[in-house]
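*Asks:* Given next are the chains, with one letter for each unit.
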Amino acid sequence: MTDMPLKQSRKTSGGVDHLIYVLRANPVTLIAFGMFALIVLSAIFGPALVPYDPLETNASNALQAPSWDHWFGTDNVGRDVFSRVIVATRLDLSMSLAAVALSFVVGSVLGSIAGYWGGWLDIVLNRILDTIMAFPLFVLAMGIVAALGNTIENIIYATAVINVPFYARLVRAEVNIRREAGFAQAAKLSGNSDIRVLAMHIFPNALPPMMVQVSLNLGWAILNAAGLSFIGLGVRPPTAEWGIMVAEGANFIVSGEWWMAVFPGLWLMIAVFTFNLLGDGLRDIVDPRKRT
Amino acid sequence: MSSGSIASLMFALWPRAKTLSSPAYPRLRAIALRVAQSIPVVIGVVLISFLLTRALPGDPAAYFAGAAADEASIAEVRTALGLDKPLIQQFFIYVGDLLEGDLGRSLSSGQAVAQDLAKRLPASLELTLTALILSCAIAIPLGILAATRPGSWVDHLCRVVVTAGVSLPTFFTGIVLIYVFYYLLGIAPAPLGRLDFIYLDPDHVTGFYLIDAALMGDWETWSGAAKQLVMPAITLALFTLAPIARMTRASMLTALSSDFIRTARAAGLSNGKVLYGYAFRNALLPVVTTLGMVFSFALGANVLVEKVFAWPGIGSYAVEALVVSDYAAVQGFVLAMALLFVVLNLVIDLLYTAIDPRIGFSSK
Numbered sequence: 001m002t003d004m005p006l007k008q009s010r011k012t013s014g015g016v017d018h019l020i021y022v023l024r025a026n027p028v029t030l031i032a033f034g035m036f037a038l039i040v041l042s043a044i045f046g047p048a049l050v051p052y053d054p055l056e057t058n059a060s061n062a063l064q065a066p067s068w069d070h071w072f073g074t075d076n077v078g079r080d081v082f083s084r085v086i087v088a089t090r091l092d093l094s095m096s097l098a099a100v101a102l103s104f105v106v107g108s109v110l111g112s113i114a115g116y117w118g119g120w121l122d123i124v125l126n127r128i129l130d131t132i133m134a135f136p137l138f139v140l141a142m143g144i145v146a147a148l149g150n151t152i153e154n155i156i157y158a159t160a161v162i163n164v165p166f167y168a169r170l171v172r173a174e175v176n177i178r179r180e181a182g183f184a185q186a187a188k189l190s191g192n193s194d195i196r197v198l199a200m201h202i203f204p205n206a207l208p209p210m211m212v213q214v215s216l217n218l219g220w221a222i223l224n225a226a227g228l229s230f231i232g233l234g235v236r237p238p239t240a241e242w243g244i245m246v247a248e249g250a251n252f253i254v255s256g257e258w259w260m261a262v263f264p265g266l267w268l269m270i271a272v273f274t275f276n277l278l279g280d281g282l283r284d285i286v287d288p289r290k291r292t
Numbered sequence: 001m002s003s004g005s006i007a008s009l010m011f012a013l014w015p016r017a018k019t020l021s022s023p024a025y026p027r028l029r030a031i032a033l034r035v036a037q038s039i040p041v042v043i044g045v046v047l048i049s050f051l052l053t054r055a056l057p058g059d060p061a062a063y064f065a066g067a068a069a070d071e072a073s074i075a076e077v078r079t080a081l082g083l084d085k086p087l088i089q090q091f092f093i094y095v096g097d098l099l100e101g102d103l104g105r106s107l108s109s110g111q112a113v114a115q116d117l118a119k120r121l122p123a124s125l126e127l128t129l130t131a132l133i134l135s136c137a138i139a140i141p142l143g144i145l146a147a148t149r150p151g152s153w154v155d156h157l158c159r160v161v162v163t164a165g166v167s168l169p170t171f172f173t174g175i176v177l178i179y180v181f182y183y184l185l186g187i188a189p190a191p192l193g194r195l196d197f198i199y200l201d202p203d204h205v206t207g208f209y210l211i212d213a214a215l216m217g218d219w220e221t222w223s224g225a226a227k228q229l230v231m232p233a234i235t236l237a238l239f240t241l242a243p244i245a246r247m248t249r250a251s252m253l254t255a256l257s258s259d260f261i262r263t264a265r266a267a268g269l270s271n272g273k274v275l276y277g278y279a280f281r282n283a284l285l286p287v288v289t290t291l292g293m294v295f296s297f298a299l300g301a302n303v304l305v306e307k308v309f310a311w312p313g314i315g316s317y318a319v320e321a322l323v324v325s326d327y328a329a330v331q332g333f334v335l336a337m338a339l340l341f342v343v344l345n346l347v348i349d350l351l352y353t354a355i356d357p358r359i360g361f362s363s364k
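Chains as they are written, first to last, in the working numbering: chain A, 1 to 292; chain B, 1 to 364.
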């Protein structure tokens, strides 16, 4: 993930110069890259660095407001909210990464097949995607988790399913317009098999717009996974996860203990915000015309 | 396609034909075609919900027979539920039940799921529609202003709103609003449902409390219901604001830079006429398209907002059902939401033909 911007720059004409130019012209993107690095670092090293055990309860120290000892206060059973928020980064990030990776792979394969060979495969795939999109997506995810069983893996599968249409359609369009292109036909004539032409020559062209989609999607996937665990699906207490922490904190908000819900919610928001900024920034690098 | 382009050609050549009956016919045809197009989608939706009900963890028969059931009674339940029949046959039985409006029985409430959903649907619709009207009322003017004054503070405000808006978890904004306006400032009512218990529910006419109370002329109840509605509606509106504002701004910019606007300006038309008579009407189409996507988000976010504000709609019904593993209720909810969304998309597409007469003729 971290070498994404570099890969991006190689694909764009102008390369690194263009990347530097865009970053200088748009410092917000630079900040987004910095925040992204921070999030990834806290996902990797967070559990080793936090001051308290995220699961250790301490009844005598419950519901303390934020202080120097407990930066984000303590929750109703005396756990340190700061430690829990930081530790939760790994779970939230890996859930959404896994879901986005799954839908990236499945969507790429389905979209490539439909876009390259067309015909009835294309029609069937489009019908299936239309049907998925006919559901309000969060509601479909709820239904899938309820049907498959209430586990973290199923949250990942559900989030992946509702994201597949976006990738499949993007890849299908990108592959379809290059199916008859000169370079594809030349590769075909020099004896490459269909699959090789598709995978090595045509599909790589779809990667830059896919990267933008991945970044925008990551934020949405985190929101989705956290929303599902907010309503009690997947992650079970006492696991530290942002959605479930907000849900637990919500019971105390009407009596004024705001820190239990606000900090995990704020972290979730910052993560999503970072991915959205990153997606916008990547789009400026990849395709400056689409800037809105 | 061909008949459509011929009709539009005729339309261009003989503008006066508009007063005759001919344009009404292709438009009607286009509407019928669009309605027919939603039939395969409905079939697909029903098929997926069927598969979801049959994909229950473990053996559904054992689940419905209860914890204390032995082999014989599980087999009995299996026969009673038709689970011993082939899957295809089960599907047709399921569709037959659906056509009779039978979504199964909820384990927790003991009522028919369809009945439960019908009772709670108005609450959800009232919330969602209020929120969408609110967000359109803010987002569309914001987008127009941002597009007409690029680089001004309105433009920057629009950009901030758009980026921040899509990053806000709905459940989190709801909780923050409760903390600020209920706990700190004390100006909002307790986040406990549609109406404070000191008021009586208005007589059931539409199920929308605001409309029902207004029909009764009971303005005290009306304002009570409105007060309860404000915070959940704002929460949901904040969430749907961003895509609408973004799309309005972008499509307004495209429209304003097109040739017909230059021509209109060159012809000396007033600024207002150019902006609202020509640019905005053309910019409206992509905005209406986005509304379909926004509806999808809003119906999903609705579940979260209902949980935060204890709003007695179908979303919180589904959440309660999930907690006690009441599968029939959850699947009924998913199906109902999907059908609602199909209908909404249909309405949006039909709205197209009203906004842009050209759309009615293309058979897409």
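Hints in this document: simulated from the structure, not taken from any laboratory.
A virtual CB, placed ideally from N, CA and C, is assigned to each residue, including glycine.
Check before you lean on any hint, since a few could be wrong.
[As the list claims (entries may be wrong)] Among chain A residues calculated to face chain B with C-beta under 7 Å, some are:
(1) VAL40
(2) LEU41
(3) ALA43
(4) PHE45
(5) PHE135
(6) VAL139
(7) ALA146
(8) ALA147
(9) ILE253
(10) VAL272
(11) PHE273
*Asks:* Going through the numbered hints above, which ones does this structure break? Give me the numbers in ascending order.
*Replies:* 1, 2, 3, 4
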